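Enquirer: Each chain, written out:
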Amino acid sequence: MTRTVDRAAIVVAVLLLALAGVIFWDMSRLEISSTYGLGPKAMPIVVATGLALLAVGHLVLAWTTGLPPRESPDAKPILLILGGLAALIALIGLGGGFIPATAILFATTAAAFGRRAFHIDLAIGLVLGTAAYLLFDKLLTLTLPAGPLERLF
Amino acid sequence: MDTLASLAHGMAVAVQPMNLLFALIGVLLGTAVGVLPGIGPALTVALLLPVTYKLDPGGSLIMFAGIYYGGMYGGSTTAILINTPGESASMATALEGNKMAKAGRGGPALATAAIGSFVAGTIATLGLTFLAPWLVEVAVRFGPEDYFALMCVAFITVSATFGDSPLRGLTSLFIGLLLGLIGIDKLTGQARLSFGVPELLDGIEVTTLAVGLFAVGEALYVASRRHHGEETLEPVRGSLWMTKDDWKRSWLPWLRGTLFGFPIGALPAGGAEIPTFLSYSTERRLTKHPKEFGNGAIEGVAGPEAANNASAAGTLVPLLTLGLPTSATAAMMLAGFQQYGLNPGPLLFADRPDLVWGLIASLYIANVMLLVLNLPLVGLWVRLLAIPQPWLYAGILVFAAMGTIAAKPSVVELSMLAVFGLMGYAMRRYDYPIAPVVVGLILGPVAENQLRRALSISLGDPLVLVESPISATLLAIALIALVAPFVMRGLGRFRAQED
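Protein sequence lines, in the order shown, are assigned to chains A and B. Under numbering that gives the first Met the number 0, the first sequence has 20 at position 21, and the numbering climbs by one with no breaks. Under numbering that gives the first Met the number 0, the second sequence has 496 at position 497, and the numbering climbs by one with no breaks.
By construction, these hints were calculated from the structure, which means they are not laboratory data. Treat each hint with caution, since some may be false.
Distance ranges between label pairs, derived from CB positions [to be verified]:
#1 B:D163 to A:H118: 42 to 50 Å
#2 A:V126 to B:A483: 48 to 56 Å
#3 B:I386 to A:T63: 18 to 26 Å
#4 B:V137 to A:R6: 31 to 39 Å
#5 A:T63 to B:I479: 38 to 46 Å
#6 B:S87 to A:L134: 26 to 34 Å
#7 A:T64 to B:K407: 36 to 44 Å
#8 B:M10 to A:V126: 37 to 45 Å
#9 A:I9 to B:S238: 53 to 61 Å
#10 A:T140 to B:M487: 53 to 61 Å
#11 B:L458 to A:S71: 36 to 44 Å
#12 A:L133 to B:V486: 52 to 60 Å
#13 B:S455 to A:V126: 35 to 43 Å
#14 A:L134 to B:V14: 24 to 32 Å
Partial list, derived from the structure: chain B residues whose beta carbon lies under 7 Å from chain A [as the list claims (entries may be wrong)]:
#15 W133
#16 L176
#17 L180
#18 Y339
#19 L379
#20 V381
#21 A385
#22 I386
#23 Q388
#24 R451
#25 L454
Owing to the predicted nature of the structure, the values given are computational and were not obtained by experimental measurement. All C-beta atoms in this analysis are idealised placements derived from N, C-alpha and C, irrespective of residue type, glycine included.
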């Protein structure tokens, strides 16, 4: 049996090694340490070492058994949901308010799960967002980001 | 009997109308999320954390516990009526339960699951009631080094010992520990891994991580493989009631399931899957109807369902007495305690007996509520499964975003939600366990704190870790738990080569 190299495991190994490097670099900039016992550097060293060892483990894995088999994913729904999240972040960042932002996320997620009625879903999302806003902002006095729509209430 | 007096006092707290209402909301929500595939009790508690921030701590915690218990009840409904279990704890139930439903015996399957859950939940809550005060007595003697060692045991068993792959489990754990490092070091006031981003100085919000991993990650994963087949819902046909023979075949599996579930849940052994599968294989071996196994044997539903409920109660033992979460839901409940500045442990039993015992007493009430909700009203819950999948997941994501916004209304926080969501997707795709990440984030800083306290008391002498007999024993257990899966796998491979 010929063994192929599992590229995913190598990617994980590289990521883990990079994370270990970042922790190590960040830790080396800490100056103050405790008088007795362990300072703030000890735990980062442990975690960075652990991540580096796990990276080695993944490299071994890549050339032996590999990560568990998986099916080929459908990229379109993933992009739709991430796009919805990006739109939500942009709308909230630009002061568009909570209700329209959640309406867009609702509609894109529904589309990602195969719905083909974007406008209807957008309307449902608006109703849901408004209900959630009224319930949590007004009734439970949580602060949700307000835009032009929210100021009407 | 001090315990009975405390319990009676707790019962007086639990039957206050507001607390009864919280318990009812908890079990309703818990059953609903248990029935719905894609959301579990851990995610629900995570979503509710920011929302309940301003509510009464006692009431909210009663609600969280109700969600935990309810999730275990509701999961069985989905497992029996659709073959895909709502929760991993219900996977064993699906094996026989779905076969029973296909054979038109869905009613008795649901009934034995609900009654078994009630029996097991009540016995296990009794176990919690009498074990907790005793364990508190032990825990009072724990020094910081002992707590540190205990957390090491929890880290290892949750991630490495019982999962599919110790390598992947430990990777998840260390990602969690890494996330736990982020923020200001409490002892020296220096920022770690914050890169000058002010939002990172307070550390990673547990809510954001949990909601990203559980809700966004799950939605991405399910959406990406939607084309891999649809599920069919089996209608409940015939009588809901169990026959005399069903009762006769169920009661022993209920008790045996409880005996598996409660101790394994109480040990830091990670979740409810192990006792449910142990119970399933035991019932399979002991049954007088071996031909029915694989075609819908009622024992195979009764045992695992009892086991998963008993393990939920068992998980509360180390959580309440030691502050040690051993499952994802327990970790979220610990975050719930922390958000009110409460630290579960011996001190909480001494300082806030009304809260702890009120919570324990409310578990008995929640169990009764759940039996009523699940037996006659099961038809109502089944209707939840009719919600179209696109709207269900769209709704989940809207509430996920809202929970994060409510916790910290910032663009940075929402971006982290998206990143954690992608991480959750990748972890599901490559089969990395999720719970160790959450446990690492919550327990990592606590463990670091205890270790540094232990070493500053000992003036920097690391031998303190092995000089305390409790700590030495626990560290030895952690080491064995870490090495055992590798050794056993090595032996397995060796044998395989011999054959």
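Enquirer: Now tell me, hint by hint, if it's right for this structure.
Expert: Quick rundown of the hints versus the structure:
Here the CB-CB span from B:D163 to A:H118 is close to 44 Å, well matched to the stated 42 to 50 Å. Roughly 54 Å separates the CB atoms of A:V126 and B:A483, a value that falls within the hinted 48 to 56 Å. One distance hint, 18 to 26 Å for the beta-carbon pair B:I386 and A:T63, is violated here, with the actual separation near 44 Å. At about 50 Å, the CB distance of B:V137 to A:R6 disagrees with the hint of 31 to 39 Å.
The hinted range of 38 to 46 Å is not satisfied by A:T63 and B:I479, whose Cβ atoms lie roughly 25 Å apart. The hinted window of 26 to 34 Å between B:S87 and A:L134 holds, with their beta carbons roughly 31 Å apart. At roughly 41 Å, the beta-carbon separation of A:T64 and B:K407 lies within the given 36 to 44 Å, and the hint holds. The hinted range of 37 to 45 Å is satisfied by B:M10 and A:V126, whose Cβ atoms lie roughly 42 Å apart.
In this structure, A:I9 and B:S238 meet the distance hint of 53 to 61 Å, their C-beta atoms being roughly 57 Å apart. The beta-carbon spacing between A:T140 and B:M487, approximately 54 Å, falls within the hinted interval of 53 to 61 Å. Between B:L458 and A:S71, the C-beta spacing of about 58 Å breaks the proposed range 36 to 44 Å. Remark: the range hint 52 to 60 Å for A:L133 to B:V486 is upheld by a beta-carbon distance near 59 Å.
Checked against the given bound of 35 to 43 Å, the beta carbons of B:S455 and A:V126, roughly 57 Å apart, lie outside it. A beta carbon spacing of about 28 Å between A:L134 and B:V14 agrees with the range 24 to 32 Å that was offered as a hint. The criterion of a C-beta within 7 Å of any C-beta in chain A is not met by B:W133, whose closest approach is roughly 33 Å, and the hint is violated. Hint on B:L176 holds. Least Cβ distance to chain A is approximately 5 Å, under the 7 Å limit.
Taken as an interface hint, B:L180 checks out: its beta carbon lies about 6 Å from the nearest beta carbon of chain A, inside 7 Å. Hint on B:Y339 is violated. Least Cβ distance to chain A is approximately 16 Å, over the 7 Å limit. A hinted interface residue such as B:L379 counts as satisfied when its beta carbon comes closer than 7 Å to some beta carbon of chain A; here the least separation is about 22 Å, so the hint is violated. With 7 Å as the threshold, the beta carbon of B:V381 stays out of range of chain A, its nearest partner Cβ sitting at about 21 Å, so the hint is violated.
Hint status for B:A385 relative to chain A: violated, with the closest Cβ pair at about 15 Å, above 7 Å. Annotation: B:I386 was flagged as interfacial toward chain A, and the flag is violated, the nearest CB pair being 12 Å apart, outside 7 Å. For B:Q388, the interface hint holds, since its Cβ comes within 7 Å of a Cβ in chain A; the closest pair sits about 5 Å apart. For B:R451, the interface hint holds, the least distance from its beta-carbon to any beta-carbon of chain A being 5 Å, beneath 7 Å.
With its C-beta approaching chain A no nearer than about 3 Å, B:L454 sits inside the 7 Å limit, and its interface hint holds.
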